[in-house]
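Asker: Residue numbers (the numbering used here), protein chains in the order written: chain A, 1 to 234; chain B, 1 to 260.
Treat each hint with caution, since some may be false.
To give a feel for the contact side, a few chain A residues facing chain B, derived at Cβ under 7 Å [to be verified]:
| id | residue |
| --- | --- |
| 1 | 70 |
| 2 | 85 |
| 3 | 89 |
| 4 | 188 |
If you want the ones that stay clear, here's a sample from chain B, every Cβ over 12 Å from chain A, calculated [as the list claims (entries may be wrong)]:
| id | residue |
| --- | --- |
| 5 | 13 |
| 6 | 75 |
| 7 | 81 |
| 8 | 161 |
| 9 | 174 |
| 10 | 187 |
| 11 | 229 |
| 12 | 234 |
| 13 | 246 |
| 14 | 260 |
Since the hints were made in silico from the structure, they are not lab data. A virtual CB, placed ideally from N, CA and C, is assigned to each residue, including glycine.
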Amino acid sequence: MIQIQELHKRFSKNKVLIGVDLEIQNGGIYAILGPNGSGKTTLIKAILGMVLPNKGKIHLNQKDIKNQWKYRENIEYLPQIANFPGNLKVSELIKMIIDLRSKPSSSDELIQRFGLEPFLDKKLNTLSGGTKQKVNLVLTFMFDSPLIILDEPTTGLDPIALLTLKELIAQEKKKGKTFLITSHIMQFVEEVADEIVYLLEGQIYFKGTIEELQNLTHKTNFEHAIAALTAQNV
Amino acid sequence: MFKILKYSFYDLIRSRWSYVYFLFYLLLGFVLLFLNNDLSKAVITLMNIIIILVPLIGTIFGVMYFYNSREFTELLLAQPIKRTSIFLGQYFGVACSLSLSLILGLGIPFALYGLFESNAIFDFSLLLVTGTFLTLIFTAMAFNIAISNENKIMGFGYSVLLWLFMAVIYDGLFLMSLILFEEYPLDNFSLLATMFNPIDLSRTLILLKLDISALLGYTGAVFKKFFGTQLGLFISISMLCLWTLAPIFRLAWKAKRKDF
Numbered sequence: 001m002i003q004i005q006e007l008h009k010r011f012s013k014n015k016v017l018i019g020v021d022l023e024i025q026n027g028g029i030y031a032i033l034g035p036n037g038s039g040k041t042t043l044i045k046a047i048l049g050m051v052l053p054n055k056g057k058i059h060l061n062q063k064d065i066k067n068q069w070k071y072r073e074n075i076e077y078l079p080q081i082a083n084f085p086g087n088l089k090v091s092e093l094i095k096m097i098i099d100l101r102s103k104p105s106s107s108d109e110l111i112q113r114f115g116l117e118p119f120l121d122k123k124l125n126t127l128s129g130g131t132k133q134k135v136n137l138v139l140t141f142m143f144d145s146p147l148i149i150l151d152e153p154t155t156g157l158d159p160i161a162l163l164t165l166k167e168l169i170a171q172e173k174k175k176g177k178t179f180l181i182t183s184h185i186m187q188f189v190e191e192v193a194d195e196i197v198y199l200l201e202g203q204i205y206f207k208g209t210i211e212e213l214q215n216l217t218h219k220t221n222f223e224h225a226i227a228a229l230t231a232q233n234v
Numbered sequence: 001m002f003k004i005l006k007y008s009f010y011d012l013i014r015s016r017w018s019y020v021y022f023l024f025y026l027l028l029g030f031v032l033l034f035l036n037n038d039l040s041k042a043v044i045t046l047m048n049i050i051i052i053l054v055p056l057i058g059t060i061f062g063v064m065y066f067y068n069s070r071e072f073t074e075l076l077l078a079q080p081i082k083r084t085s086i087f088l089g090q091y092f093g094v095a096c097s098l099s100l101s102l103i104l105g106l107g108i109p110f111a112l113y114g115l116f117e118s119n120a121i122f123d124f125s126l127l128l129v130t131g132t133f134l135t136l137i138f139t140a141m142a143f144n145i146a147i148s149n150e151n152k153i154m155g156f157g158y159s160v161l162l163w164l165f166m167a168v169i170y171d172g173l174f175l176m177s178l179i180l181f182e183e184y185p186l187d188n189f190s191l192l193a194t195m196f197n198p199i200d201l202s203r204t205l206i207l208l209k210l211d212i213s214a215l216l217g218y219t220g221a222v223f224k225k226f227f228g229t230q231l232g233l234f235i236s237i238s239m240l241c242l243w244t245l246a247p248i249f250r251l252a253w254k255a256k257r258k259d260f
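Excised from the complex, chain B in its bound form (with noise of 0.2 Å):
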C-alpha cells in the first residue's frame, strides 16, 4: 500500500492543481493576516473558509482523481498487488497531498507572523487538524461515490450535492427543525445532530477550544453545556476520527467487490 500511496502522491504534488492549491492558502494566509493584525482573529475568519472550502476541494479533488486515475487503477490491478493496497493508497495519496497543501500553505504565512511566539499556536493547530480531518473525510466520501457510480456526471453530481447537502443544506433543516419543534426539549437531539454532520462538528469542535460563545451558536452552547470543554473536545474528536474510519472501511469493502 505505501508504494501505492507513495506513487500517486508524487503524481499529485507534481500536479498544478496541487500548487494552486496550495498558493491559494498561502495567499489566504498572508492577506488574513495583513488584514486582520492579529492572529486569534485571523484564525477565526481562516475557520469559516476552511469548515466550507476543505470539503469542497476535497470532495471534487477525490472525484476528480478516482475517475482520472481509472486507467491507472486497471494497470495496477492486473500487479499482484491487494486490491484494498491500491484504493487505500490511491486515496491517502489523495489525502496526504491534499492536507499538505493546506498545512504548509497556511502554517508559512502564520509562522512568518509569529506564530510560535503567541497563545494563538493550539488554536492554530486545531484549526489545521480540523482542517485535515475534513480533508480525510470527504475525500473518502468522494471515493465512495466514485467506486460506487461507473458514470461520472452522477458521481460529480452526487458529490457536489454531498457536499451542498452538509455545508449548507443540513443546517437549514437543522435550524427549521429547531424552530418547527421549540416547544420540546431539543438538546439532545441538536447533540445528535451536531455528530453526524462533520463540518458542525468541526465547526463546534474549533469554537469550543476558542471559547468564543458568542459564535458557539444553538449547538454549540449545548455542546458545552452538555459536555464541559474538556470532554466535549475529546467527543468531537472521536466522532471526527469514526466520521474519517467508516468511508474509509467501506471502500476498502466496495473494492474487495468491483468488477474493472
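Extracted from the complex, chain A is given alone in its bound form (with noise of 0.2 Å):
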C-alpha cells in the first residue's frame, strides 16, 4: 500500500506538486493521467525516491521511504525514456540488471515473447527507439515484485507488441500485483486501468473508476469525460 500525504515539491520557481494527497491499495492497475506538465512523473518518481520532496511524507507498507533504499526491491520502474549505455550488448545490459538485482529472473521467456532473441548481440545504440522500449519491458518484467510503475509504457511499440504488453500486464495483475502506470494513449488506459488517478496542476483533481468519472462528467466516451475533466477546472 502507498500512502501519500501532503507531498509537495517546486523546482526552483515552478511548483509542480502542491500538497497531493493519494492512497493506493494494494492490487489493481492505477492510472495516473493528467496534461503535460502536471506533475505525474514527478510523482512517480517521488515513490521512487528519485525526485526528494520539500514536503510531504510517502509510506510504502507503513514504512516512511525517505533515505531509504532497500525498498526498492519490491519496484520494478519502466522509465520514460529508454536510453542505455551505448557500448553494452543487450545481452549484457540484461544480465546486468540481474546481478545488480541478484534476484531469479524470467528474462528468457520475456525476451522470447517480445522476440528479441536476435537483438541479443547487438549493442544498444544500434538498436531502434521501439526495440529500445522492448528491452525495457524485459527489465521492468523479469522480476517478481509487488509493485510495478510504467511510465509511458507504450511509446514506440508496434501494434504485436502492445498486445503482448496488455497480456503481460493482465497475467500479472492476477497475481495481486500493483500498477501505477501514465499515458497519453486513452484507449490503453481505458482498456486496462481499474482506477484513475487524475492530476491537474500539480494536484490530485479525481480520483475514482472509469465510470465514476463518467458519470461525473456525463460523458460516455473515455477520452472525452477526461478532455471534460480538464476543461471544467479551466
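Got two chains here, separate frames each, mind docking them using the hints?
Answerer: Following this line, the structure appears as C-alpha cells:
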C-alpha cells in the first residue's frame, strides 16, 4: 500500500506538486493521468525516491521511504525514455540488471515473448526506439515484485508488442500485483486501468473508476470525459 | 558500489576514446624515448605534458561521461542501490579507466626501454602516481561540476574554465602577485598558493624528487628550503590526497540531495 501525505515539490520557482494526498491499495491497476507538465512523472519519481520532496511523507507498506533504498527491491520501474549505455549489448544489460538485483528472473521467457532474440548480441545504441522500449519492458517485467510502475509504456511499440504488453499486465495483475501507469493513450488506459488518478496543476483533481468519471462528466466516451475534466477546471 | 564500478569500467574500456587515450600515451612514450634516448630526460618532458594534459582529459572525460550516462543513472536510481554507491561507482569507473590508460600507455614503452634496470624507475613511478592523482582529482571535480549543472553547455564551460584556471591562469596570477608584492616576505604565501593548486603541487612534487634545482622555480625552491626533500614529498602527497578526498565527499553529499 502506498500512502502519500501532503506532498509538495518545486523545482526552483516551478511548483510541480502542491499538497498531493493519495492512497493506493495493494492490487489493481491505477492510471495516473493529467495534461503535460501536471506532475505525473514527478509523483512517480517521488515514490521511487528519485525526486526528493520538499514537504510531505510517502509510506510504502507503512514504512517511511525517506533516505531508504532497500524498499526499491519490491518495485519495478519503466522509465519514460529508454536510453542505455550504448557500448553494452542487450544480453549484457539484462545480465547486469539481474546481477545488480541478485534475484531470480524470467528474462528468457520475456525475450522470447517480445521477439528480442535476434537483438541480444547487438549493441544498445544500434537499436531502434521501439526495440529499446521492448528491452526496457523486459527489464521491468523480469522480476517478481509486488509493485510495478510504468511511465508511458506504449511509446514506440508496434501493435504486436502492445498486445504482448497488455497480456503481460493482465497476467501480472492476476498475481495480485499493483500497477501505476501513466499514459497519454486513452484507449490503452481505458482497456487496462481499474482506477484513474487525475492530476491537474500539481493536485489530485479526481480519483475513481472510469464509470465514476463518466457519470461525473456526463460523457460516455472516456477520452471526452477526460477532456471535459480538464476543461471544467479552466 | 563495486558492481557499478565494474560496469562503468567495462563500458569505458571498450569505448573508442579509452583506446585513443591509451594509444596517444603509448605513442608519446615511444617518441619521447626515441628522441631523448635517455630515461631521465624523457621523464622530465613527460612531466610537463602530463601535468597539463591529464587534468584536461580528466575534466572533459568526467563531464562527458556524467552527462552521457544520465539515463543509465536514472535506470540505476530506480534499482535498490544506494545513491552514493551509484555515483561513486561511476566516478571510480571513469577515474580507473583513465588512470589505466595512462599507466599502461606510458608504462609499456618505458618498460620495453629497460626501465626496470635503470634508476629512473622511482622518478617514473612517482610520475605515474602523480598522473593518477591528477586524474582522480580532476575527474572528481568534473563530476562535481556536472552534478551541479543541469545544462550541459554550462557544465562543459565551467569544467574547461576550471582546467584553464588551474593549468594556466593560476600560475599567471601567482607570478603577478609575486611581482606586485616583492617587497614583502612571500615564502609562506607561495607555499600556500602552491598547495591550493593540485597542478602546481604535482609539479613541485615531481621536481623535488628529480632534484633539478634549475627547474624548481621559486615555489619549488621555497618548498625545498622549508620542508627539505623528504618532508616536502610527504606534505605534497598528503595535500594531493586531501585534494582527491574533498571533491569525492562533496560528490557523495550532493548525490544524496539531488532530484532526477
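Asker: Against which earlier hints does the structure fall short, listed by number upward?
Answerer: Result: hints 3, 4, 5, 6, 7, 14 break, sorted rising.
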